[in-house]
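Enquirer: Spelled out from the first residue to the last, the chains are:
Protein chains: 2
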Amino acid sequence: MAGAPTACVLIIGDEILSGRTQDANLKYFAARFAELGVRLKEARVIPDDPDVIVETLNAARARYSYVITTGGIGPTHDDLTAACIARAFGRKIIRHPEVVARMTAYFGDRLNEARLKMAEIPDGPDVSLVESETTIAPGFRIENVFVLAGVPSIAHAMFEALAPQLKGGAPMLSGNVGANVREGDIAAGLTAIQEKYPAVAIGSYPSMRNGGFHTSIVARGTDRVEIAKVLEEVASLMRALGASPASDP
Amino acid sequence: MAGAPTACVLIIGDEILSGRTQDANLKYFAARFAELGVRLKEARVIPDDPDVIVETLNAARARYSYVITTGGIGPTHDDLTAACIARAFGRKIIRHPEVVARMTAYFGDRLNEARLKMAEIPDGPDVSLVESETTIAPGFRIENVFVLAGVPSIAHAMFEALAPQLKGGAPMLSGNVGANVREGDIAAGLTAIQEKYPAVAIGSYPSMRNGGFHTSIVARGTDRVEIAKVLEEVASLMRALGASPASDP
Numbered sequence: 066m067a068g069a070p071t072a073c074v075l076i077i078g079d080e081i082l083s084g085r086t087q088d089a090n091l092k093y094f095a096a097r098f099a100e101l102g103v104r105l106k107e108a109r110v111i112p113d114d115p116d117v118i119v120e121t122l123n124a125a126r127a128r129y130s131y132v133i134t135t136g137g138i139g140p141t142h143d144d145l146t147a148a149c150i151a152r153a154f155g156r157k158i159i160r161h162p163e164v165v166a167r168m169t170a171y172f173g174d175r176l177n178e179a180r181l182k183m184a185e186i187p188d189g190p191d192v193s194l195v196e197s198e199t200t201i202a203p204g205f206r207i208e209n210v211f212v213l214a215g216v217p218s219i220a221h222a223m224f225e226a227l228a229p230q231l232k233g234g235a236p237m238l239s240g241n242v243g244a245n246v247r248e249g250d251i252a253a254g255l256t257a258i259q260e261k262y263p264a265v266a267i268g269s270y271p272s273m274r275n276g277g278f279h280t281s282i283v284a285r286g287t288d289r290v291e292i293a294k295v296l297e298e299v300a301s302l303m304r305a306l307g308a309s310p311a312s313d314p
Numbered sequence: 066m067a068g069a070p071t072a073c074v075l076i077i078g079d080e081i082l083s084g085r086t087q088d089a090n091l092k093y094f095a096a097r098f099a100e101l102g103v104r105l106k107e108a109r110v111i112p113d114d115p116d117v118i119v120e121t122l123n124a125a126r127a128r129y130s131y132v133i134t135t136g137g138i139g140p141t142h143d144d145l146t147a148a149c150i151a152r153a154f155g156r157k158i159i160r161h162p163e164v165v166a167r168m169t170a171y172f173g174d175r176l177n178e179a180r181l182k183m184a185e186i187p188d189g190p191d192v193s194l195v196e197s198e199t200t201i202a203p204g205f206r207i208e209n210v211f212v213l214a215g216v217p218s219i220a221h222a223m224f225e226a227l228a229p230q231l232k233g234g235a236p237m238l239s240g241n242v243g244a245n246v247r248e249g250d251i252a253a254g255l256t257a258i259q260e261k262y263p264a265v266a267i268g269s270y271p272s273m274r275n276g277g278f279h280t281s282i283v284a285r286g287t288d289r290v291e292i293a294k295v296l297e298e299v300a301s302l303m304r305a306l307g308a309s310p311a312s313d314p
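Chains as they are written, first to last, in the working numbering: chain A, 66 to 314; chain B, 66 to 314.
A portion of the hints provided could be inaccurate.
Where chains are identical, the list cannot tell them apart; a pair therefore holds if satisfied intra-copy or between any two copies.
Derived EDC-like pairs (lysine to aspartate or glutamate); straight-line CA-CA distance at most 16 Å [what the hints assert, rightly or not]:
1) LYS294 with GLU260
2) LYS232 with GLU208
3) LYS92 with GLU208
4) LYS92 with GLU120
5) LYS261 with ASP313
6) LYS106 with ASP191
7) LYS232 with GLU100
8) LYS157 with ASP191
9) LYS157 with GLU185
10) LYS294 with GLU208
No lab work stands behind these hints, which were simulated from the structure alone. The structure displayed is predicted, hence computed values, not measured ones.
Just need the whole structure built from these sequences, with the hints factored in.
Expert: In structure tokens, the structure reads:
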């Protein structure tokens, strides 16, 4: 798994940190990154604060192969992301002629200064638009940073638009097996299995199901055969306790 | 709002970054922090990687008044949080006698080394347990860091157990008003309102409702009267466009 490209997601928005809004983008991006062979290493939720956005973006883009931001690219005063990205890269911000032309055609005499803000992106020959049929206002790419909308339907569509640009490693595969056992009863056996298969990451997730203890074991890695071996050994552990292991879809 | 205590949430868990699991703690904590007058400034989702946990924890505890971690305090090999917190603080890890006694009584001959791991917390006279009736294994507090379970029902209960220990400032209040208008049509008016009421943070959140454009405006601050004034001025903007503004519950 060493050497696979890495990624960080920056969720920009007071609405997440205030408890108003449940984030609905991270899980989608995370699952897609796994399929694409990019290792999502971190996600950060930060406020609509220019200094924080610039500092966090610069730290993330230096550390990870790819950075995806969501939120803050609309027409209102609290949409600060594009200007902050330009500042972080030391670029000027321009009104992208192609987007202005498209908005002029679409909005007619309802085009105004606020909407033209949605055509503003950092300057540079390496900057490209991230288009989506879900909105007239594009996201954009600058170097290893992709800047997307926050509205989930648009953010997901923009992710699919940029996905072909990501250079992934081996896809991260996973499987699971669960049973009505308590974690503490299989922990020692799990440790032994983890030591036997170091290239597979084994996660143990307890929950309550129908009023009883349930443990779900997830095995992740790039080798389907190794994952299957891990899950079969885990299932044996569970059966030895009298449980009936099964996989969740 | 200056001077109010701040907080950061660290969500520790490969299961969030792999796309397997939807986080179900951040929104709860965020809403409660707002009520308690603590400003949640950041949330970070990080993997089950000791070096990353230690580095991130040390950065967060130096920067924010309070840090809350979730995840990684169970009995299995992938539960690394308590050991990492001890390392970050340069403390030894000990088996807390009170927790060991309680587990001995509860588990009887099913008590094993894995379960005893759940009694391990950093050493020090300032370290205290965070108890919850939802589980026999406690969270703990060390200095300004609270270490909680990841399972949402337990995490939420532990948050309520620690909440009385938080020194908050003025509660962050909020209200909202929405209508079937497009953000771009009210953006200029919103900017003017934001400039008139700098102590109120005004957020604009577009969505599709019943196939049409909807914009919800959220006003947040510590002064209920100011918030009400902002929302009334926003409602006037919306009515001027022929829309019928209303609040979401």
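Enquirer: Each of the hints needs a verdict: does it hold here or not?
Expert: Status of the hints after comparison with the structure:
For the identical chains of this complex, LYS294 and GLU260 are intra-copy neighbours only, at 13 Å inside a copy versus 62 Å across copies, given an alpha-carbon limit of 16 Å. With identical chains, the CA atoms of LYS232 and GLU208 are at most 16 Å apart within one copy only, with a shortest distance of 13 Å there and 43 Å across copies. For the identical chains of this complex, LYS92 and GLU208 are neighbours neither inside a copy (24 Å) nor across copies (32 Å), given an alpha-carbon limit of 16 Å. In this assembly of identical chains, LYS92 and GLU120 lie within 16 Å of each other by CA distance neither inside one copy nor across copies; the values are 24 Å within and 24 Å between.
Taking the shortest alpha-carbon separations for LYS261 and ASP313, neither the intra-copy value of 24 Å nor the inter-copy value of 54 Å comes in at or below 16 Å. Proximity of LYS106 to ASP191 under the C-alpha cut-off of 16 Å is found in neither arrangement, the shortest distances being 26 Å within a copy and 33 Å between copies. Taking CA atoms no more than 16 Å apart as the test, LYS232 paired with GLU100 passes inside one copy only; the shortest distance there is 12 Å, against 44 Å between copies. Taking the shortest alpha-carbon separations for LYS157 and ASP191, only the intra-copy value of 13 Å comes in at or below 16 Å, while the best inter-copy value is 51 Å.
In the homo-oligomer, the alpha carbons of LYS157 and GLU185 lie at most 16 Å apart inside one protomer (10 Å), although the nearest pairing across protomers, at 53 Å, exceeds that limit. With identical chains, the CA atoms of LYS294 and GLU208 are never at most 16 Å apart, being 40 Å at best within one copy and 43 Å at best between copies.
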